Amino acid sequence: MAQEQNILDEVVQSDYKYGFTTDIEQELLPKGLDESVIRFISAKKNEPEWLLEWRLKAFEQWKRMVEPTWPNVKYPRVDFQDIIYWAAPKKKEGPASLDEVDPELLATFEKLGIPLEEQKVLAGVAVDVVLDSVSVKTTFQDKLAELGIIFCPISEAVANHPELVRQYIGSVVPTNDNFYAALNSAVFSDGSFVYIPKGVRCPIELSTYFRINARNTGQFERTLIIADEGSYVSYLEGCTAPQRDENQLHAAVVELVAHRDAEIKYSTVQNWFPGDANGKGGIYNFVTKRGVCEGRNSKISWTQVETGSAITWKYPSVVLKGDNSMGEFYSVAVTNNHQQADTGTKMIHIGKNTRSRIVSKGISAGVSQNSYRGLVKILKVAQGARNYSQCDSLLIGDACGAHTFPYLEVANETATVEHEATTSKIGEDMLFYCNQRGIDTEAAVALIVNGYAREVLNQLPMEFAVEAQKLLAISLEGSVG
Amino acid sequence: MSSLLEIKNLHASIEDREILKGVDLVVHAGEVHAIMGPNGSGKSTLASVLAGKEDYTVTEGSILLNGKDLMELSPEDRSHEGLFLAFQYPVEIPGVSTANFLKTAVNEHRAYRGDEPLDPGAFLALMKEKMKLVEMDPSFLQRSLNEGFSGGEKKRNEIFQMAMLEPTLAVLDETDSGLDIDALRIVAGGVNALRTPNNATVVITHYQRLLDYIVPDVVHVLWNGRIVRSGDKSLALELEKRGYDWIKNETAVEA
Ligand SMILES: Nc1ncnc2c1ncn2[C@@H]1O[C@H](COP(=O)(O)OP(=O)(O)OP(=O)(O)O)[C@@H](O)[C@H]1O
Ligand SMILES: [Mg+2]
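Protein chains in written order, with our numbering: chain A, 1373 to 1853; chain B, 816 to 1070.
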């Protein structure tokens, strides 16, 4: 409860809190993209031939694809030749302890409020820190290794567990899945790799903090998580980024595979720079996230709190292949000022008695546009499939927009599909009532919004839920009155 | 006796329509005042203007609370300065539990006074104690504020909040309406229990019934945006018998 009070206190703070750059020496490739860039990246990372071929194939596919225009967002076309595709912090010998980590980097984490030491000690969280493109430090690896858990940068996994990477990479999101996924496959720099062996319950929350750090550097992370039979893992992803004047592209790919009786819980708090109050700057976030419930009784759950980015285009999805498998999507998406978000989920029911649950809470303020786009597809073979969807929109002020695009494709008549949608508004009367009780308008908005989003926030691990509440409050500052 | 509330020649309008047309009212510490008057005469408007609702424009006059100019203060600071309004129509806030709402409110008040937030244990104990005053069930604490509450439960909840915030001036706008006979007695008992020599209560009501329980020192009749008559508690009894027409007529003659 005291924590909640702190959160409300933070409401009075203004401006993007995490807007600063670190000054770490960077190794940059010139702007632009052609085959030689891909060969350079692959060579830099000492990749095996098969992976280079895989990248090049993706690049060929990408060249023949066009950017999607169906999302309900507007932005100037991205010039893909105006982007730097490789930036890595200059590597000294790999640090064995925190003392050896670049003090500038540590200072950055300090400012972000995520000091590694504290993270390690207090939260029991292993942190795989990705600064720009190369993973700088991975903790707790040894402890996890005892259980046979692999948690490392994907580039390391390519070197040390090539058979696993080769088997699974692109198996959930094929290289030609969509424009951004193809681009990512061609140029991905790094990201996280997780493998949980049979019957193992990962004892800690696995966490990665991504930051976008180099000017004009597109970010192309690639994450691959495999939960083998009967295993469990909870993975946290959180983002903050320095304030920028130019738009930055972020096109990540996340692939999850849950085998029989396995469960993957993937939580995201996304707080990239949304652009200033006039809509200048900000991150373009075009992400492909998909999980496949491969085995019987498997479960994949996506929880996301999206407060950042100028433009968000993101549909974490679950392919429910295994019988009795379960997919969940819990989302809070906030847009303020000139932000645009087109986000939602896809639940593809293939196996028998598969279930999915969608809870989407959109919050729009300022002159922002917030769209929910969801697909529930039940194939003919998916006997007894069930879906429940709830899509709520909350409007703050009169100039913003909320849109819902639910798509339903049901090919099996034994399926049950339920859809509920509400739109509400934080009215003057509500705010005045709070004011009369001594709660100022900023705090009142934070209180109401956190109440509205509670069902989703409850899905997050404790520390993350607190962080998420703060973000909701910060991102809605100045949205009323 | 020092005056707690001093309203002088208050004019207020909404959307260019003047609703309050020169209200004068002085309330001293320790007193109970009743404001009665026909529907639409401006009673709730007066309460809203006191609380600082932005929709209303004060065109003339002044309001002092404890000697402080209320016009200078935001609605939340008026609350911090000890003004409490029990709403005629309490608002529902989905997703925000009564407990969480009150914790926020109480701690904002404490912060204004420079006090630390209450720790959760002490806060819970305080809530339970205050709920007893209005015989409210603690299960309401977990429920979203006023959401799905019955009319009477909402009114009880207003007085519970008043008990939590311990205002120096409470304005109760038709808190009796919607209460059953037993609830009326309980809620009135709660209000009486909160009375001290240092605070004051203004009750807006249509019915003498409430005033049997909360006995007023002064009864005012508000009509057409003005206080047209004031008297002791017998005025309320007279109104109950005769209605408002005789006052309207007499006022028209005087004017
Ligand atoms: N937004 C508004 N626009 C125009 N007139 C308004 C507005 N709000 C209130 N009024 C008018 O102001 C007058 C006073 O209303 P008020 O609610 O203060 O009356 P009241 O004395 O509390 O009545 P009741 O006993 O029915 O509660 C009414 O005639 C009402 O219609
Ligand atoms: Mg009224």
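Any given hint could turn out to be false.
Unchecked claim - If you only want the chain A side, here are some residues facing chain B, beta carbon under 7 Å, derived:
no., residue
1, F1452
2, R1668
3, V1753
4, D1801
5, Q1808
6, G1810
7, I1811
8, D1812
9, L1819
10, G1823
11, N1830
To be verified - FRET-style restraints, in silico, Cβ to Cβ:
no., chain 1, residue 1, chain 2, residue 2, range
12, A, H1775, B, E962, 39 to 45 Å
13, B, K947, A, Y1760, 39 to 45 Å
14, A, D1451, B, A937, 55 to 61 Å
15, A, A1783, B, N854, 57 to 63 Å
16, B, E907, A, N1444, 56 to 62 Å
17, A, P1546, B, A937, 54 to 60 Å
Said to hold, decoys possible - Computed list of lysine to aspartate or glutamate pairs in DMTMM-like fashion (alpha-carbon distance at most 20 Å, straight line):
no., chain 1, residue 1, chain 2, residue 2
18, A, K1797, B, D995
19, A, K1797, B, E869
20, B, K868, A, E1800
21, A, K1797, B, D870
Please keep in mind that the hints were generated in silico from the structure rather than gathered at the bench. Predicted model only: the values in this text are computed from it and were never measured. Each residue gets a CB set at the ideal place from its N, CA and C atoms; glycine is no exception.
Hint check:
Evaluation of the F1452/A hint against chain B yields a violated restraint, the C-beta minimum of about 43 Å exceeding 7 Å. Here the hint on R1668/A is broken, as its CB sits about 36 Å from the closest CB of chain B, past 7 Å. Look at V1753/A: its Cβ only gets to about 39 Å from chain B, farther than 7 Å, so that hint breaks. Annotation: D1801/A was flagged as interfacial toward chain B, and the flag holds, the nearest CB pair being 5 Å apart, inside 7 Å.
Interface hint status for Q1808/A: upheld, as the beta-carbon distance to the closest one in chain B is roughly 5 Å, under 7 Å. Taken as an interface hint, G1810/A checks out: its beta carbon lies about 4 Å from the nearest beta carbon of chain B, inside 7 Å. At its closest, the beta carbon of I1811/A sits 5 Å from a beta carbon of chain B; the interface hint therefore holds under the 7 Å criterion. A least Cβ separation of about 5 Å between D1812/A and chain B falls short of the 7 Å threshold, and the interface hint therefore holds.
Among the interface hints, the one on L1819/A holds; its C-beta lies about 6 Å from the nearest C-beta in chain B, closer than the 7 Å criterion. Hint status for G1823/A: holds, given a least beta-carbon distance of 3 Å to chain B, under 7 Å. Annotation: interface hint on N1830/A violated; nearest CB of chain B at approximately 11 Å, more than 7 Å. Separated by about 26 Å at the C-beta atoms, H1775/A and E962/B break the suggested range of 39 to 45 Å.
The hinted range of 39 to 45 Å is satisfied by K947/B and Y1760/A, whose Cβ atoms lie roughly 41 Å apart. Distance hint for D1451/A and A937/B: a CB-CB separation of about 60 Å, consistent with the stated range 55 to 61 Å. The hinted window of 57 to 63 Å between A1783/A and N854/B holds, with their beta carbons roughly 60 Å apart. The given range of 56 to 62 Å is broken by E907/B and N1444/A, whose C-beta atoms sit roughly 31 Å from each other.
In this structure, P1546/A and A937/B meet the distance hint of 54 to 60 Å, their C-beta atoms being roughly 58 Å apart. Proposed proximity of K1797/A and D995/B is contradicted: the alpha carbons are some 32 Å apart, above 20 Å. This hinted pair checks out: K1797/A and E869/B have alpha carbons roughly 18 Å apart, not beyond 20 Å. Proximity of K868/B to E1800/A is assessed by CA-CA distance (about 10 Å); at most 20 Å being required, the pair is judged to hold.
For the hint pairing K1797/A with D870/B, the CA-to-CA distance comes to about 18 Å; that is within 20 Å, so the pair holds.
Consistency with the previously given hints fails for numbers 1, 2, 3, 11, 12, 16, 18, ordered from lowest to highest.
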